[in-house]
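Colleague: Listed here are the chains, written in short residue letters.
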Amino acid sequence: MSEHEYKPKSKVGQWFNDRLPLLTLANHLTDYPTPKNLNYWWTFGGILTFCLITQIITGLTLAMHYIAHADMAFESVEHIMRDVNYGWLIRYIHANGASMFFLAVYIHIFRSLFYGSYKSPREIIWILGIIIYLLMMAAAFMGYVLPWGQMSFWGATVITNLFSAIPLVGEGIVTWLWGGYSVDNPTLTRFFTLHYLIPFLILGLVVLHIWALHVPGNNNPVGIDIKKPSKDTVPFHPYIVIKDGFALLMFMIVFAFFVFYSPNILGHADNYIEANPMVTPAHIVPEWYLLPFYAILRSVPDKLLGVVAMLSAILILAVLPWLDTSKIRSAVFRPLYRQFYWILVADVLILGYVGAMPAEGLYLLIARVATAYYFLHFLVILPVLGFKEKTIPIPLSITEPVLGGNPNLAMAKQKESKIE
Amino acid sequence: MSEKKTKRRDFLFTATTAVGAVGAAAVVWPMIDQMNPDASVKALASTEVDVSSLNPGNTITVLWRGKPVFIRRRTQDEIDEARSVKMEDLIHPEKDEDRAKNPEWLVMLGVCTHLGCVPLNDKGDYNGWFCPCHGSHYDTSGRIRKGPAPWNMEIPKYEFVNANTIKIG
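Those sequence lines, one after another, are chains Z and R.
Everything in the first sequence is counted per the numbering used here, starting at 1 for the first residue and increasing by one.
Everything in the second sequence is counted per the numbering used here, starting at 1001 for the first residue and increasing by one.
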C-alpha cells in the first residue's frame, strides 16, 4: 500500500486519513489493478466472502434461540423451526449455507489447481487457504453436532474417536475432548463454544489471505506475471465488482433453490431423531463435503493408518507448491497436466460417491484404487510431470494472444511480422 | 567488541525466559485440564443392573458412564464356539475364559474399538456382533475377527452383587 500517493479530496477526509489511513486502504481496494482476463472461476473469492458473512449473521441469530444442553438442544432446534419468527428460514439458510460454502470453496480450490495459482510467489496465499479450509471443516463438523440428533451424536463419536488411533495418548486425548467417557453434555457445550469462535478465526485468516493476495496480485487464466497497473489490468472497481456481483447473484439463485425448495436434501433424515447413545444408526455418513476424505479413511483396513491417510490427503495440499515442479502455472499451456487434472477431478468425485456407499465389496475396491490414485497424483505424477512435460509456449502478455489471435507465441510473432 | 562479554546479561535473559515459560505453563495447564472429566462426571462411576429376567440367548444394553454395556446370557453353543477358537486365529488374542469368568455371562462395553459405534447384536460372520459403521465383525466372546477395529470389545470392571444383580464399575 503506497500511503503517500493517495490524498482524500475533502479536508475532513485528509484530517482523518492522516490519523488513520482507512481511506488509503479503501482507495487501494477500489483501484487494485486486476488482470483483465479473469474469468468467472475467479468470482468465487467474493462468493466465499459472502458465504462467510451469511454464516456469521445467521449463526448469531440462531444462537439467540438455541440452547447448548444435551437435554434441550434438540428441542430448541425444533423450537427455532416451529416457534421462532422466521426461525425456519434462518436455520435453513445456515444449514444449507454450510453446503454452499463448501461448494464454493471446492470450486475455488480446483480453480487454483487448474491455473496453478498456488505456485510461486503465491504459496502463502495457498497455505492460508488450506488452513481456512481445515477450520471450515472443523466448524462444519461441530455445527452439525449442535442439533443433537442421531447423526450429530454418532458423527461426533466417530470423528472424535479418530484421535484414539494415536498410540499411547490417544484414549486420554479422546476423554479430554469429550470431557467425560462418551460424547455427552460437556462435549456439546464446548463444541458450541468452538463453533462460535472458529468463524471469527476464519474471518481473520481471510483478511490475511486477501492481504497476501494483494502483494503479488491475482493470478490469471494465462498464468503469466503481468505488470501492474498496465494494459493488462483493470481497476477492481467497477470492473471486478460488477463481475463478482453478477456471479454472486447467479450463486444466490442456486442457494435460494436449496433453501426454499429442498432444504433437507443435503442433510440426513436420521438427524431429526434425537441423539440416543444406545443405538447407532444403520448407516452413518458425514455431510457430502467430507465424503471423499471419509472414503479414504475407510479404504485403509488399519485404524491408525486410515486416520493418517485421511489427514495426509488434506495436508498434502499444503505442500503442493513444492510437489508441482512445473514452472508453467496455467494448465492451458500444459497439455498433459490438463488431462491429469481432469482425472483428479473425476477421482475426487468417485471418492465422494463411494464414501456415501457401504464400505464393502466393489465399493471398497473402487475406494482403494481411487485413494491410491489420489496420492499418486500428488506424490508421483505432479513432480515427474514438471520435468517430462512438453509445454506450449506462453504468451508475453495477456494482450498478446488477443492481438495475435493465437496463444502460441511463435505463431503470434509470425502474424505480427506478416502484418508489418 | 566481538568478544563475548555479555555473560551476565545472557544469564538474566535465560533465567527470565525460563521463569516466564514455567509461569505460562502453570497458567495454561488449568485451561487445558478444565476440559477433562469433571467431578460430577466421575461421580457416576457405577451402575447396578438386575439381570434376573434375562434368558439364555438374550442381551440387554444398559448405559454406564454414557456408554452402552452389553450384558449377554450366552447359550451353551455360543460358549463352546467362543472357547474352541484357536488363539492364533485372533487379531487381539484373549481367552474367552479371561473375558467371561462366569461363562454364561458376557459383560462388555458395547462400543466398537474402531471409532466408537454400537455394534449390532446377533449379526456378522462370527455369530456375535457386527458394527454397521465400518464393518467390524466380533465373535460370541466380543473378540474382533474381521474389519478395521484393532481390539476386542472392552470388558469393564464388574461383579455379581448377588445371583441376579451385576454391578458395573
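Think of the hints as simulated: they come from the structure by calculation, not from any bench.
The structure displayed is predicted, hence computed values, not measured ones.
There could be a bad hint or two in this list.
[What the hints assert, rightly or not] Take a look, some chain R residues computed to stay more than 10 angstroms from chain Z by CB distance:
#1 Thr1016
#2 Arg1065
#3 Gly1116
#4 Gly1135
#5 Ile1168
[What the hints assert, rightly or not] Here are some of the chain R residues that sit facing chain Z, going by a computed Cβ distance under 7 angstroms:
#6 Phe1013
#7 Ala1015
#8 Ala1018
#9 Val1019
#10 Gly1020
#11 His1114
Quick reminder that beta carbons are idealized off the backbone N, C-alpha and C, glycines included.
Colleague: Flag every earlier hint the structure violates by its number, smallest first.
Modeller: 2, 3, 4, 6, 7, 8, 9, 10
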